[in-house]
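Undergrad: The chain contents come next:
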Amino acid sequence: MIEVEHLSKIYGSTPAITDVTFSVEPGEILGLLGPNGAGKTTTMRILAGYLPATNGNARIAGYDVHENSLAVRQRIGYLPETPPLYPDMTVEGFLHFVARIKGVSAGDRTNKVVAAIKRCNLEDKQRVIIRKLSKGYRQRVGIAQAIVHDPPAIILDEPTVGLDPRQIIEVRNLIKSLGGTHTIILSTHILPEVSMTCNRVAIINRGKVVATNTPENLMTQLTGGSGYEIEIEGEAALAKQVLQNIAGVSLVESIPTAGMHTHQPQADRAYLRVISQPGKEPGRDIATTLVRAGFGLHELRRVNATLEDVFLQLTTEEKHLEAVTEGEAA
Amino acid sequence: MGIVLSNIIAIYRRELQSYFVSPLAYAIAGIFWFITGLFFVMILLGPDGILPAVATIDLQAQQGVPIPPIDVPYEFIRAFLDRMGWLLLFILPILSMGLYAEERKRGTLELLATSPITNWAVALGKLLGVLTFFTTMVVPMLVFEAIAISGSNPPMSPSIPLLAHLGLILLAAAILSIGMFISSLTDSTILSAVLTFAVILLLLLIDLIAKIVPAPVGEALGYLSLLKHYNTLIQGIFDSSSLILFASYIFLGIFLTAQSIDALRFQRQ
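As they're listed, the protein sequences go chains A and B. Position one of the first sequence corresponds to residue 13 (this note's numbering), numbered consecutively onward. Position one of the second sequence corresponds to residue 162 (this note's numbering), numbered consecutively onward.
Derived pair list, reagent style DSS-like, types lysine-lysine, alpha-carbon separation capped at 30 Å:
id : chain 1 : residue 1 : chain 2 : residue 2
1  : A       : K124      : A       : K144
2  : A       : K147      : B       : K266
3  : A       : K137      : A       : K188
4  : B       : K266      : A       : K137
5  : B       : K266      : A       : K124
6  : A       : K252      : A       : K220
7  : A       : K144      : B       : K266
8  : A       : K124      : A       : K137
9  : A       : K188      : A       : K220
10 : A       : K144      : A       : K188
11 : A       : K130      : A       : K188
If the Cβ cut is set under 10 Å, some of the chain A residues that face chain B in the computed set are:
id : residue
12 : R57
13 : A60
14 : P64
15 : V84
16 : R85
17 : Q86
18 : I88
19 : P92
20 : E93
21 : P96
22 : D100
23 : G105
24 : R112
25 : G115
26 : I141
These are calculated hints, taken from the structure and not from any lab test. A quick note: this is a predicted structure, and the numbers were derived from the prediction, not measured. Idealized CB from N, CA, C, for every residue including glycine.
Excised from the complex, chain B in its bound form (with noise of 0.2 Å):
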């Protein structure tokens, strides 16, 4: 088990240090903070923002229409991660297409499978990693969101925001599984960018498809729509089935990415 877990680490800490050093991932980090700025600003400000609109609500109840009052931090930490979640298809994609189709390209796939290494070890730590870099991706966003919730009165539950992030967390984690499942199919990185984009499109749409699809199957197809579960989240709804459907993407991702390795070498030319 100390084996296993040190095997992990040391993928791990390989994937993450590459991250690191990569002018790629620090493109995708500097672009992904421009737009959630953007993001910040256009929600509270824009014109279609939450501040115009109180400000009209606002005025309406000192002419003594009776409007309910509205919770600016919430619908600001509800619309700023549901906007994130759709920028997620376009950024993850690009951070999990060289997961393995890197080393199948370099050669070194063969170093880790001719090492006293299980695939699913080298799968988790690469997903580990990756998770890590996003992670850390996120972390100045909270600056936006301190910021906001700093105004709010009475103070937030901090329930909420801390659910609506894990909720991040694991939706990129689902997401990025499955890139990396993608990403062990092919030794072409755009390829696999592409592929990931168009699967997690799909599964983030499923729910509109799943609306044509007649009863049964449909309500089993809008289950499996990620973004329906990551709303649940992000409006503070602690939701167990939400978490397992997560959780079954990302073992699937792991899964699959295993046992593709396993099969590459089965019918290798």
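So here's chain A without its partners, still in its complex pose (with noise of 0.2 Å):
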């Protein structure tokens, strides 16, 4: 459904992004996890068609988001960092201009913006000018205003930033029952919130992707396992299906090629990388399992867990929020 191969945006000298690819399937809701200034925003701003890229290309829907550029604006809905907002119109004519000028036909408008209105909880609030909302009305109609339209593809910018823990945990809600019908990408620096939320998350840091996977996975791999690179020459499914049923392995994944530093990456050779449990160290299974499973083991050796100069940056914890919960299950 959205599809970014190799997107690099250069400001001035200064790479806000380098070389992002990723993708994501048809219902599906990725999370961009990463610091402040990752290049989240600029990512997103590309998707929606707000910014060319400088390098690469971005697909939404099978078009190309900088040459068909209407098409794609016509099949997302973006809500960006600030909601983009009226303030001097009622929060129901606000939406019916959105579903205008987004190409609604006049006929579906109202049941559409209705629609709108009741997927975000704004029923009290469809008659009050946007001024007098608080911010997380604001935040709301900022989302009602990209979903008016139905659009197949949703890019949310930091969706629950400057919420209370209340409205965040409805509109964390509110974006997993879009999952499923929407393909969205919502971006954030709260760690939790993409476990919450997300199918799969992107990590970005300093304008570069350095992991994708499913939020179960990235957790452990940031929850201490410590992790070994390994070069083998041999099928990598094969390897990876051998490795995973070693006492100790909680996760096998290819490690990309470009992120190789070491040396030219071989075309007859598999790159993976394996986290452990906490607490286990499987090294000497995983190399007497590949050489006698017959692979040339070239490489074997222990990292840290990668991400972690990214998480030492992401917000982590979530007490106030997690008080709230807890008191509503109680």
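Got two chains here, each in a separate frame; can you build the complex from them with the hints?
TA: Spelled out as structure tokens, the structure:
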């Protein structure tokens, strides 16, 4: 649904993002996770057709965001960092306006506006002037604005920033309810947010995607299991299968060859990363198993969790939020 | 085509609606009506007004001095709209200053730029919106003019006031269009108003500059003068070159606005 290939954006001489590649399947919710200034907003702006990329290309629903800008813009809903609202309009009037410029036909408009208002829980505020709304309601109007024309792809830039804990929960539930029928990209610098809302996470740091995975696997990587990087001769898929069965191994993944620093990657080699379970050291078993299975082992070295430096800058805790959730559960 | 039209109407309606809920717009309209009312009284009754002048002429005529008759309503319309042209210089930059600067400041430009709507459709819708607001500001003035014209004997040809007001609207559209472009260059409304004021002042006075500059260049510059063409129209003279000049200014403003919004996206930091 959304394909991003080797996307780069350079402002003057400073690169904002470099060689960003990822894709989002239809109905999937992808979280762009990264510290502030990592390039999340730039990536999203390029996808929304607001900024042109310096290099690379991005396609949404098969249309190139730059060459077929208008076709793409019809198919996306976009919530920028600051919700784009006209303070002197009513919620209802604003959504009608947005539906109209997004090309919703006249007969359909009222239905869509009512549906968006309902979805975002804005029923009791629909005739209120936007200027008079609180920050949380404004954010919801911002989301309503992004979904009012029922676009197949939705791009949400920091949708929960600045909200109070209860509102955050509401917004997350709203986003989850949109998944499945819509393809969603959202950005955040809050780690627990992705595990709660997203099917998949792309971690972005200093303009580069450093990992793409499911939230569960990333959590494993994060919570301290040490890892091994392996270079072998042979079939990667086969090796993964073998390695997965070793006791103490929690995750096996391919390393993008672009990330190799040591030497030129060779075509007949497979490059893998093995993450061990916390407290386990399966290095010895990995070596013996690989050799026994007939793989030519060229390199096996221990690495620290590669994402550590990224995560240090992320907000990993949500104490006040957890308190609220527990309160509700009780 | 239908989609484009629908988009223009959407932008137009939003823009117009924003004026009708804006205290600033009402303040401007109030000041405008007050000053035009002042003009009305001054032109007719002031020390250099038309009526005292006519009284003098009447007196001279009674004494047997042959003086050509003077058409008071015509003189009034001309003088009234002439002053109006200058008033626009102060009023219109305030109306146009927020057209894009506000959108940039609020971040709503990002919404417009990521919607399936072209830059020039946005610009055209906005220009039509602010122009409509200005036109509604002008409507009450027609009362003054109706008072003056009703005394006309023989009755004035309707083409004269019609053409004069067309001139007023065209002048306003040209100024607003340039103002809109300037507004698209900055996210400060004040800066936008001041710059627009300076540019429009220059375009109004370019006539005077043209007189100093040697012939071919001077003549060309003189042709660009907004005021000169405005004066032709408010005298009731139909001159297609004036219409073309105003249309060019309007088109140029819309074109430059669309370009500047495009450029903004390319260099944005």
